[in-house]
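Asker: Here is how the chains run, residue by residue.
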Amino acid sequence: MFPFLTVLIALPAVGAAVLWALPTQARGRVREIAIGFTAVELILAAVMFLQFDRDAAGTFQFAETHSWIPQIGTSWALGVNGIGLSMVILAVILTPLAILAGWREDRDVKKRTNYLALILLSQAFMVGIFVARDVFLFYVMFEAMLIPLYFLIGMFGGLQRRYAAVKFLIFSLVGGLIMLVGVIALYFQGPGGPQGFLTDNLTGIDFSTTTERLIFLAFFLAFAIKAPMFPVHTWLPDVAETARVGTTALLVAVLDKIGTFGMLTLCLVLFPDAARWAAPVIIVFAVISVLYGALLAIGQENMLRLVSFTSISHFGIMVLGIFAFQQTSIEGASLYMFNHGLSTGALFFVVGFLIARRGSANISDFGGLQKVVPVLAGTFLIIGMSALALPGLSPFISEIMVLVGAWGAVPVAVAFATVGVVLAAVYILWMYQRVFTGPTAKGLKKTRELTLRERLVAWPLIGLMLILGFFPAIAINYLREPAQDIVSIVSVEEAGS
Amino acid sequence: MDPISFVYLAAILFAIGSAAVLTRRNAIVAFMGVELMLNAANLALVSFSRIHGEVDGQVMAFFVMVVAAAEVVVGLAIIIAVFRTRQSISLDEPAELRG
Amino acid sequence: MTFVTPTIEWAPLIPMMIVLGAAALGVLLEAIIRTPATRRVVQFILSIAALLVAAGAAVLQWATLDGAGTIVMNGMITVDRQSLLWQIIILLFGIFGAMLFASRTSAGESAFTPLGASVPGSQDETIARRKGFELTEVFPLALFAVGGMMLFTSVTDFIFLFVALEVFSLPLYIMVAVSRRRRLLSHEASLKYFLLGAFSSAFYLFGAALLYGATGQSSYEGVALVVQQTASTDPLLLTGAVMVIVGLLFKLGAVPFHSWTPDAYQGAPTPVTAFMAAATKAAAAAALLRIVYTTFYTLGWELSWLFWAVAIASMVLGTVVALVQTDIKRMLAYSSIAHAGFILVAFGGFSSQALSALPVYLVTYGVATIGAFAVVTQVRERTEDGSIGGEATRLGQWAGLGKRSPLLAGAMALFLLSFAGIPLTAGFIGKFQAFSAAIDGGAWVLVLIAVLASAASVFFYVRLIILMFFTDVPEGAEEAVEVDHSPLARAVVVLTMILVLVLGIVPGWFLDAANNAAVLLIGVAG
Amino acid sequence: MLDLSWLLIAVPLASAFVLLLAGKRANSWGHWMGVAASASAFLVGLIAFLQMISRPADDRAINVHLFEWIPGGEMHLDAGLLVDPLSLTFVLLITFVGTLIHIYSVAYMEDDANRRIFFAYLNLFVAAMLLLVLADSFLLLFVGWEGVGLASYLLIGFWNFKPEYATAAKKAFVVNRIGDIGLIIAMGLMFAAFGNLDFDTVFGGVSGASEATLTAIGLMLLLAATGKSAQFPLQSWLGDAMAGPTPVSALIHAATMVTAGVYLIVRSAAIFNGAPDARVVVAAVGAFTLILGAVIGMAKDDIKKALAASTMSQIGYMMLAAGLGPIGYAFAIFHLVTHGFFKAGMFLGAGSVMHGMNDRVNMRRFGALRAAMVVTWVTFGAGWLAIMGIPPFSGFFSKDKIIEAAFVGEGWQPWVFGLAALIGAGLTAFYMSRLFFMTFHGKARWEDDQHPHESKLMMTVPMIILAVGSAFLGLILASGDRFVDWLEPVTGHAEHGEPVIAPMVLIIATLVLVAIGIFVAWRKYGVADVPIEAPAASLITIAARNDMFQDSVNRAVFQRPGQHLTRTLVYADAAVVDGAANGTAAGIAKTGEVTRKMQTGQVRGYAATMLVGLVILVIIVVQGGL
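Chains as they are written, first to last, in this note's numbering: chain A, 673 to 1169; chain B, 748 to 846; chain C, 654 to 1179; chain D, 8 to 633.
Next comes chain A alone, as it looks inside the complex:
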């Protein structure tokens, strides 16, 4: 069978190499080449999506297992179930859009080449993480991905980019390295041997209680930082504020999903007892994240920071859904992972369009744009509405599935989390009001309307959100069975306890 997954990982990496290998004078068309690679990637992923057997969405399909470093028990083991598939699709959709959104960012060809190559490289790792079926491989991708991202943040962006890049790296590494301890310890708990890191071989291990909890915490911390959850979230607003919008969009929309993805597919599956043990505390933090993120979003003056805080709030909802251990809430959370990607990606892009026009991300520098650029305003409003989970747009179904689904397990937490729904309306509409309504601000009378390129970035995402908003079944059919499997693992009480 065609090794879809290996090719999906390799193709962007090759693309990056091609870009860097181009001689300087041949770099006039790097953007086209980069888009070309992502387009082929998108097509490949689409073909794979069509070939994916929906009725067996719970199993890992397109599986490949090659020996990699058998000495330490790791294999090049890939495969996707419905959840992984949705994440891969998200990654391949957003990457070309991110490139398109930043089309005019660089005048310097060398800089442009670096940027695009790094984006492609991160795409390779992103895909890799979501399809890894080997804990070691997952970890390697998880950490290696930091490097292109570090450079993306540190080399391109605003004044504080170096600080932000280091902060991002250190936060991620603290989590990642602690997870490494867990990864190693996990191996020794498992059957070992040349395939000792295969997730299959690590599922259902009979741990001692303490061991399981410690390893769980090691994994969870890394994912919580990545997600990011309160109180380890502070890197995100700083990064969002300073990094390029394309970078941030990919970071928040796709890469941060690794956090929730890892919780879902590793924490719950590998350490079900510990997950149950920790769930009450985690849910408290999830709810704090929901409210804290939303309140801070309201208090932000900078649109990029604002959007990043909204994500913290939304990630809280996902985590709540995951750790409620309900079929519906987990379906909702995994659906939310996808939808939030579309929504937040689009939100960052459109904020980027605004910044490109004003040269500032400060809300107070805007005002009354709706009269001048109604199409941009409308686009922004729709995307904003998706962030507050308005019905008809895809995030709604996922949010409601989490909240309604989790009620049976954790009613009090859900009750608090729903307050986030109100706050979401406040921060989105407050931003919209200050940017788009009222009298038109000075210097904005001649603001350019949304260009064709920008429409090509934003509207496909809106289209997807509408389609999935009205017909979420398209996605849910892929997530139901994986969720069922996870629930069946995590809800089995340990014998005798």
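Treat the hints as calculated values from the structure; they're not laboratory data.
You may find that some hints are simply not true.
[Said to hold, decoys possible] Here are the computed distance ranges between Cβ atoms for each label pair:
id: 1; chain 1: B; residue 1: Ala-762; chain 2: C; residue 2: Gly-1049; range: 43 to 49 Å
id: 2; chain 1: A; residue 1: Gly-1135; chain 2: D; residue 2: Asp-118; range: 30 to 36 Å
id: 3; chain 1: A; residue 1: Gly-1135; chain 2: D; residue 2: Glu-417; range: 55 to 61 Å
id: 4; chain 1: C; residue 1: Val-1136; chain 2: D; residue 2: Gln-570; range: 55 to 61 Å
Keep in mind it's a predicted model, so treat the numbers as computed, not measured.
The beta-carbon is built from N, C-alpha and C at its ideal position, and this holds for glycine as well.
Fit chains B, C and D to the given chain A structure using the hints.
Answerer: Using the frame of chain A, we list chains B, C and D on its own:
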């Protein structure tokens, strides 16, 4: 005399040697402190050899002496090189490498 | 009392004999060949040839090793896969080292003073420089050091280990002193290194004497047997053991025996630093490994205190002080102290996995270290008359290096990432193995501290990357720094880069070798 | 046609999409397309209605399956419509009144450059509102619920270049969202208790649920309803919502959307039947709000705000009725329908007045408009009589039934609820008469530049139709209990309870109170001079003018503390949370600086370190631990 006394003596010599290294500013004297420590070890080896009733320890002492001699050569060379440049063999003076 | 002449099995010693023989020959050649230029070429070829042949011989021995290995001279030396692997590793570092020693800047300057005996700044020095003198003695000295280190990894007798220790230390003391530039610092470094080295040798020797006194034995095996039989722990024995280990920890550069490291690393000629940093640590780790796992294994509980304390202290101190360094060589020195801590983490659990983990760790660390210092040799200040000057080791001078030389900056970034233990670089595999060994032994708390230190250490590695890539060359300083193109140093950079990547991505073959080497011919563990 | 009832939603929705995407080229025909979409929806609804009444009474609930919606493992929900008498009643009300208002708007919005967008939003609203009432599950209902909220937001803020209008729009949305918490939690409760969210499952499972659960669900639904229907304590947005163009106020903030809360409660009758405690709260909220709205209405000088207060008060009646349980459900809906006509008619009248008065709304500057705007005066008058419950106008039939039902029961409840309803009727008569007289009678108090004139035909015709409805609809529907019987399959059979006071006495009492109200208003505003500036007044009037200080209360209780909290958190996030991370980093660096000083460069110091280290290690090891 009980041979163990020589071991105590060796320990005392070792202590004196290290005290010399710590307290003396003169590079040569400090270096002599090191040599004293090595010889304390030699004394210990020989004493233990005696205690155990075999000659192995004494043979070892010979090895150590040879090595110590080689060390003296290198050490003095370095100290002389420093002296020729600085006209001083104070250990405290060259302290530009720090922090 | 009869004296039995020992029968010596020469065959297993061949690699060492080749290196030490070539060293002796090199000394002879110093006397015979008069022209400095020719001498340099001949010495270089001789060294490389000797090292390569020795490496070949070692590999051949590895391949044809009969059983577990050979005990030479009644247990004075043990040649088994473990020692052969270490020998090969040290030879590899030696080859890289020799290449760096021979490398010259585009202005034709080597890293060493033309005349070691000349007083810095004196007339003699100027004349020597003008006449094109070359300090080619460094090649035989390096060969002696390599030979001594090889011996160090194979010796299984406490007294003989002292001899090997001095054989490789004494040449290093001298090599540290012969820098071409900043000779005062070089002298100072050498003096400190020597005095402290001798001081620690004395610790070691006295410890060995105490061990002999406590057990009546001087071979590892002999001491081990007594240690195993002694039910109660004898203070004399323990004191001896600690002193012996401290002697080795000094060479490893672990806290609190680390003080020489930053000074010696900074003052020494950079090629020497490169060689010393990689090879000394490897040799020390090898010897420590063998001693701990043959002799003191049963003292695991008592000694674990020592290893934990020293490991934590090294990681923490190395990391926090490296954070505030402004000189690259010094920063790397403190980083090496932290790495000494990571090395000791592998001992933390007294797991037999350390036997395979440490060679991996030391190779990955050593290769990146040599590579990093090789990069340092090529980033130069420009003198006022426009020619290439000394190395630009102040961090600020590296700003914008990514624009000046993407290759060097990229290589440096790779080495730094490897130090930091980022996956897909060799350093990650090394750390993974070392931490695995510790966790296997149950020392996960130690590993937790280690990973936190690792994370903190990223601060300073990354700071250099920021300077190289994210910072523009300061206004007006465009001309102050020059990237040198010396083919040999470049070759070292490229080779080490390739090795870092290969060991990071497909390390299987080397892990196999390390696993094969994880058996000690004599020993309690493994 | 019943199977095609999805067209009801699809047609206006499609029209809205087309209008939004078509851009300026739709300027010439966009409004007509909007009207056509609404009208065709009405047509579909009418045909469906005709088909429905041809069916036997016990077979009047048709489920229309649309598509697989949420195929989750546990939450398995399909999108479907429930066409039954209740939803059809709403369909007809929404599409009929909606279409009239669409037509009215063609003329009303003639001068607005963005008229097509206005129609897009109106269509969007119609689609969402129809979805709300036709949904066959709480979740789909919620979709419509939010959809009308969005449309309301967009329409209130239609002229959002005025900052206060933009604020009003946001306020409406946010306050509604607070109510949404209730609906979300209610759904959570239902899902946990019944396993799904469709009406069949939920209502079918009611008998197995504990009363506590049902009460909780009921209260949460009430919370949702208070938000959408501007009931206490979430009433504050409605007055501000008058910022929207007047047709919007007529359609959304009088006739349809604001009554969605009542719909929700009546629709959930099965739940409230099992939760009497929750019902009492519903009734109490309704009773309180009806008085509150009336009091506010008495003090308002802004014609639209006065009408808005009146809407609040009237919905209070409906809520009260719904809270009475089976005896009240049908009357709640009845009043809702008649109110939809007369209030929409009055709003359109107000719009007509504003049109003639250059968009001024201050009634103190009106007066004697009767002559200039005869049609408006007459149609408005019909509405005025209807709302006061003057027989035989429609309000009489609907409201009187509620007052009567409110007096049914035992203990304190009939007295409290009944008296509230009764007094409310008197107050209503006063404030509506005040409004009517201030606007159309008395002396002209116009500003100099005013030239009041009657509006165009396109505006007056809808007003006339609504006026006719206001006049006769009640009579038609009430005769033979036609309407109550029609709703019976949904609301259940309304047991006729005996009020604690004889019905006849109640009718007379009501009419007397109404007459007093009219009389007082006539004396004060019809005969006497109305001061142009609002005179100093009693505390209660000042409070009423300021909406009972609801905004101040909200500001003091929620907004200010919220802002403080936000500001504190922003600060704390930087100083404490992030500060912890940065502080750790700084601490490590500081440690480095300090530790670095230990590397003195003095070789003797190094040697001392080594020796001390050795000694310590020896002690540790020999001691066997620290």
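Asker: May I ask which of the numbered hints given earlier this structure violates, with the numbers listed in increasing order?
Answerer: Every hint satisfied by this model.
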